[in-house]
Structure formats: structure tokens, C-alpha cells
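Based on these hints, arrange chain C on the given structure of chain A.
As you go down the protein sequences, you meet chains A and C in turn. For the first sequence, our numbering gives the first residue as 639, with consecutive numbering after it. For the second sequence, our numbering gives the first residue as 639, with consecutive numbering after it.
Worth flagging that the hints you see were computed from the coordinates, not collected in a lab. Check each hint, because a few of them may be wrong.
Note: identical chains are not told apart, hence a pair may lie in one copy or across any two.
Mimicking DMTMM-like on lysine to aspartate or glutamate, the simulated pairs with C-alpha atoms at most 25 Å apart in a straight line are [stated by the list, open to error]:
(1) K683 <-> D653
(2) K668 <-> D800
(3) K646 <-> E809
(4) K663 <-> E809
(5) K804 <-> E664
(6) K683 <-> E654
(7) K703 <-> D784
(8) K901 <-> D730
(9) K804 <-> E922
(10) K812 <-> E661
(11) K812 <-> E664
(12) K663 <-> D784
Small disclaimer: the values here were computed from a predicted structure and weren't measured.
Protein chains: 2
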Amino acid sequence: MEFKEWFKEKVSIVDEYLGQIIEAKENPQKIIYQAVNYSLLSGGKRLRPVLFLGAYELFSDDLKKALPFACIMEMIHTYSLIHDDLPAMDNDDYRRGKLSNHKKFGEARAILAGDALLNKAFETGLDAAINFKGMNAIKALKLIADSSGTEGMIGGQVIDIDGENKISSIEDLKYMYSLKTGAIIKSSVTAGATLAGATENEIKLLENYAEKVGIAFQIMDDILDVTSTQEKLGKLIGSDAANNKTTYLTFKSIDEARKDVEKFTEEAIKSLSLFGNRAIYLIELAKYLTSREN
Amino acid sequence: MEFKEWFKEKVSIVDEYLGQIIEAKENPQKIIYQAVNYSLLSGGKRLRPVLFLGAYELFSDDLKKALPFACIMEMIHTYSLIHDDLPAMDNDDYRRGKLSNHKKFGEARAILAGDALLNKAFETGLDAAINFKGMNAIKALKLIADSSGTEGMIGGQVIDIDGENKISSIEDLKYMYSLKTGAIIKSSVTAGATLAGATENEIKLLENYAEKVGIAFQIMDDILDVTSTQEKLGKLIGSDAANNKTTYLTFKSIDEARKDVEKFTEEAIKSLSLFGNRAIYLIELAKYLTSREN
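For reference, chain A alone in the conformation it holds in the complex (with noise of 0.2 Å):
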């Protein structure tokens, strides 16, 4: 199968099953549904639960069993989005091509529709666990738990926030984006790969693979903000500077960070040579996200 068709594969049985997982009831608290689904099911590019089906098909195939996991990483994503465009976090009005959900559902509801993605990622974590039985299932979980935790993705915002005056150098701007959005990117593929039951080696080397992808990843994010286009990117380019933030740009040209983006992406894809042709879509998966356009 071609990359792109087994690319797009992935994204329809994923968008398939985000599709269900916020069943609209008649209630009063219904527009708590709608407001999850207007973010959740707004086409994002579905990179963490492609990641997560791609390092779990290396070691195993039954892939029914790994997509309400793999689906957890969008869920964790979406909602991050969702408080990181709040007024009081970035302020963003757009997302994805659309107004930011706290622009269509108000401030209140957005937080409550972030937290309650939040809280319906370990809902749907737990109920697979229950399902699938088995250790490598809550093994997997909690690495996803710690990776949006305060040692990883909200960590990386907290100190995001703070930007200006507490990223000085590239590496303390690395250590946020590590953590910022790293650490979701990177156990999207350690979580993958411990469902499915590989050895601890194995995992090793995909999160070496993962580590390099995702900061190889935003980079791009940083490059695409100054370079690509509204329509392209689907929110108001030009943002990063707008609100001051210290990007991968505030120490190199954009020539410079090109050329970084390429050298982290090769990297990743040595780390996996061991798994040799078997791991062919994953090497695609990096070098597609350093030549994308939004």
C-alpha cells in the first residue's frame, strides 16, 4: 500500500471512531456535546492517533483493539487547543479554519468542553482497558497520562505562557517544546508500541524516533506560522509574533531552521533502521510532516 493511501486509511478509521464517541443525547446538558464536537470533528490532521496505529502495527495487527487509545491522543490534543485559545491563555479566534470554540460556544463552555475531552479521553482509555484486560493496556495509559501532565504537555504550556521571561536560549525553548508538545507526540508512539506488547528496547528506539519527530515537527509549526498562508494553516498566521512569542525563529533564519528540521527528521528515521523495511510507514509519516503546508 502507498503512504498516502494507507495515511488516509488511518484518518478515516480514526475520524470514523471520534465520530462516536460523543453520543448527542437529548438532555439538558446537551450543548456540552455539541461543543466537544465542534472541535473534536473539525478535521484536524489526525499526526498523534496516525502515530500511535503506525508504532503499534510494527508488533501487531489487530488494530480495533489500539484505536480507542490511538483516538485518546486526539482527544488530549483537541482539548489542549481548546484552553490554549482561551482569552486569558492565547486568545486565538481561529482554529482549524473555524472560530476558536470559545468564540462560538463562550468562554465558560470552552473551558467546561476542554475538560470534559479531557475527562473523556481516561473515560474511554479505562472502558478499552476494561475490554482489553491485560497490563499492557494501563501500562500504556498512564504513559499517555504522564505525557499531558504537569512533566509534560501542560508543563510545557506553563512555561509557554511565560514565554519571554523564561526562555533565554535554544535550549531552554527545546526543553518547553519537549515538553509542550513532545511529550504527547512521543507517547503516542511509546504507548503504541507497549499496547501491542514490544520489548523494552523496541520502545526505546521509537521514542528516540518519536523525540526527533516532534521537535522536527515544531519546528515547522514555528516556520509555517511566519511563511504559510491563513487559508493554508486554518487560523490567523503571524500569531506566534503577535503575541510575543519566543519561537524556534527568535535564534535561527529560516534557512537555518529548515535544515534543522531536516536534520532531526533523518535522525528519526535512523533511530529506526532495526525494524528495517516493516517500519516504511513510519519513516514516510516523518518525512511528510517536513514538507507539509499547514
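Only chain C this time, still in chain A's reference frame:
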């Protein structure tokens, strides 16, 4: 052991455990540990963890195993208070006798501190489940997760912020309460019993107890908001009226409300009759909640 001594002992082990959940590491995101601990360690009543341990103790003496799960209840409760107090929500400046989290740390950090606490609750639970092994831990955790989501606490919050428009009868109000505060109180009891290996029938009886305790507790809250003092309550009194909140006293007089508290408390205690004298602390706990001043 006297009830008061039993209660004090439980609060003490809960406080000790909560005190070491968030390790204050020296790292760039350390402000988030401070923000979380500011609210988590501000001397709450610890009612939910004590309910958890009380239900657990009916079936098992191994309290050490139960403690992490009991503390999750307080973490989820505290996160909900932090988000509830935000300007976009109830806009409360005081909580437990201190400035609310966002008044102390700013809105962005308060949002993240709440997120961090919810996340940390699941980190803690999954970690304990890995140590605990066996499915009871996962099932208990699933009960908790369900109770804090859109079919539980968050669902109740969503209705509450829309109060006047959504709540036009005492039945509407009771539905909202059963989600907003009732669901977590219920899962404290049912998850405690589940973790300890109670039978389905035993859990059913305890669920009934917790439902009655939950509504009695919430009516008391509404009464205290009118009759207590700021000193005793640790937050501004009359805040429900100031926020145009629909409460139990919208539909009933204070005297009627007090009678309902007594009625629900009696019903709660009746549900425990099968357990005989073993349930003495849960019985006393229900009475204590009725006579509290804050």
C-alpha cells in the same frame, strides 16, 4: 473509636498523602506545582476521600491500597472548584478562606492548574492500578471517570452556568445537583466499595446511601450560603443570590429545606441497615454533614 476521632484520623492520612502528590521540583514549570498545591492543600473538608475510605473499610482493612484512589476524589473536586471560580464561570474571589486560585496566580495558570489536577488524578489512579493489579482498581477508576464527565460533574456544571434558563422546577434542579455534586459523592462511595471487592448488591445499597447523602449535602450548601458567615464558610456568603443562581431555596423555604435535609439523611441511613453496626461511621458521617456549619 469515636466518630470524631475516626474522621480526624482519615482526614489526617488523606492530607498527608495529598501533601506529597505534587513534588515541588526545581524546574522551569515549578509555578504550576505551587498553583496546584495552593488549592489542593488549603484544608478542605476532605469529605469525598473520607466517604471513599468509609465505604472501602466496610469490606477491607488494607487502607494503604485505597488511599491513592481516595485522594483522587479530592483532586477532581479541587480542580472543579478552581475552574468553577474562574471569571468566565462563577467569578468567585475567595475559596476556603483564601483568594481563589486565579486571583492568586492569574487566570491562565488557574486554568492549567485545574487541568493539571484532573490529569494528575488519573496519573495517580493508573499508577496505583499498576501496583494494585487486578481489575477492581480499573473498574473503580472507570466509575470515578464517568462521574466527573459529561454524564456527571461537567454535565451538571454546564446546566448550572445556564441556570435561570434551564432550571424551572425543583426536579430540574435535583437533576442538575445529581450531576454537579451528586455524581462525585456517589462514585466516592461506589468506587471505594468496588475497589474493596464488594458485591453488586452491596454496591447498590451504598449507591442509594450516597445519592441521599449527596442531595442532603447540596441542600445544606444552599442553606449555608444564606445563613452562614463568611468566616465560617471561607468564601463570600450570598454568592448564589449575587450570581442569580437557582438554588433549593428558590423553590422552598429554609425550614422546608432543613426538613428535606433531615428526610434525605434518614433515608441514607436506612439504606445501610443490611450492614448493621459495621456501617456506624458512614451513619455518623451522614449525620455530621447535616449538622455542619461550613
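Next item on the list: Any hints from earlier that this structure breaks? Give me their numbers in increasing order, please.
Entry: Of the numbered hints, 3, 8 and 9 do not hold.
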